[in-house]
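J.: Assemble the whole structure, with the sequences as input and the hints as a guide.
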Amino acid sequence: MPAARTLFALLPAFLALSAATVPDDLAQLNASCQAVAGILNASLNNSTAVPSTQPSAAPSPTTSTYDAPYFVYADSMLDLSEALIRRGQVPHAEPNLPVYTALQGLYNVIQSYGFQLDNTGRISRSALIRTLTVGNSIVDAESVWARNLSAAVISADSDNQRKRARRTAGYVA
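Letter 87 of the sequence shown, counting from 1, is numbered 87 in my numbering, and no numbers are missing.
Honestly, the hints are just simulated from the structure, not real lab data. Backbone N, C-alpha and C fix where the C-beta goes; we use that ideal spot for every residue, glycine too. Please note that a few of the clues may not be correct.
Between beta-carbon pairs, the in silico distance windows are [unchecked claim]: (1) L128 - N148: 31 to 39 Å; (2) P91 - N119: 41 to 49 Å; (3) S112 - T65: 12 to 20 Å; (4) F115 - A68: 14 to 22 Å; (5) E82 - S126: 17 to 25 Å; (6) Q104 - S126: 22 to 30 Å; (7) P95 - G121: 38 to 46 Å; (8) A93 - G121: 40 to 48 Å; (9) R86 - L128: 26 to 34 Å; (10) I129 - Q104: 17 to 25 Å; (11) T120 - S143: 17 to 25 Å.
T.: So this is what it looks like as structure tokens:
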């Protein structure tokens with residue numbers, strides 16, 4: 001599916017943005033997340049994607065926390081994980097391992113980025129709780145993509161191997 005290839009092409013750029021240091025522009029990160037969520041939405045619906053929320057403006061210097069843009073970012077990550085869960089639950093053409101590996105990296109980046117923002121006082125505790133929620137959602141997507149549903153049908157040869165393994169107590173000759 002072309003949209004899935006586009007998603008995988010954008011994922012390294014997103015991970016590079018997410019691994020950035022705290023002073024980097026959160027609005028740019030938010031726009032990137034919205035783009036990824038839009039691509040997934042288009043892929044799942046086979047229509048043009050319209051973001052569910054508009055990107056927020058950059059926080060003013062008087063704002064002490066980045067909660068508003070961070071919540072938009074977290075919501076787009078929740079949308080991303082929900083779309084990946086839906087996509088992974090049905091037979092699909094994409095290989096599972098690259099998606100699973102990318103989700104592991106995304107989980108690590110989201111957790112470290114959220115905790116780094118919290119440690120520097122850039123986000124509040126409620127935003128940190130949202131980070132944990134997003135992390136759990138990404139782990140749910142990981143568990144879906146850990147299963148092998150990329151083949152639409154099971155071949156007769158693999159079915160015979162399973163029967164033989166049952167007869168020989170798990171040892172396939």
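J.: Each hint needs a verdict: does it hold in this structure or not?
T.: Hint check results:
Between L128 and N148, the C-beta spacing of about 35 Å keeps the proposed range 31 to 39 Å intact. Between P91 and N119 the Cβ separation comes to about 43 Å, which falls inside the hinted range of 41 to 49 Å. Here the CB-CB span from S112 to T65 is close to 18 Å, well matched to the stated 12 to 20 Å. Between F115 and A68 the beta carbons are some 19 Å apart, a value that agrees with the proposed interval 14 to 22 Å.
The beta-carbon spacing between E82 and S126, approximately 21 Å, falls within the hinted interval of 17 to 25 Å. Range check, Q104 to S126: about 26 Å between beta-carbon atoms, so the 22 to 30 Å window is met. A hinted range of 38 to 46 Å for the beta carbons of P95 and G121 is consistent with their spacing of about 41 Å. The hinted range of 40 to 48 Å is satisfied by A93 and G121, whose Cβ atoms lie roughly 45 Å apart.
Taking 26 to 34 Å as the suggested C-beta distance range, the pair R86 and L128 conforms, at roughly 27 Å. Here the CB-CB span from I129 to Q104 is close to 22 Å, well matched to the stated 17 to 25 Å. Remark: the range hint 17 to 25 Å for T120 to S143 is contradicted by a beta-carbon distance near 32 Å.
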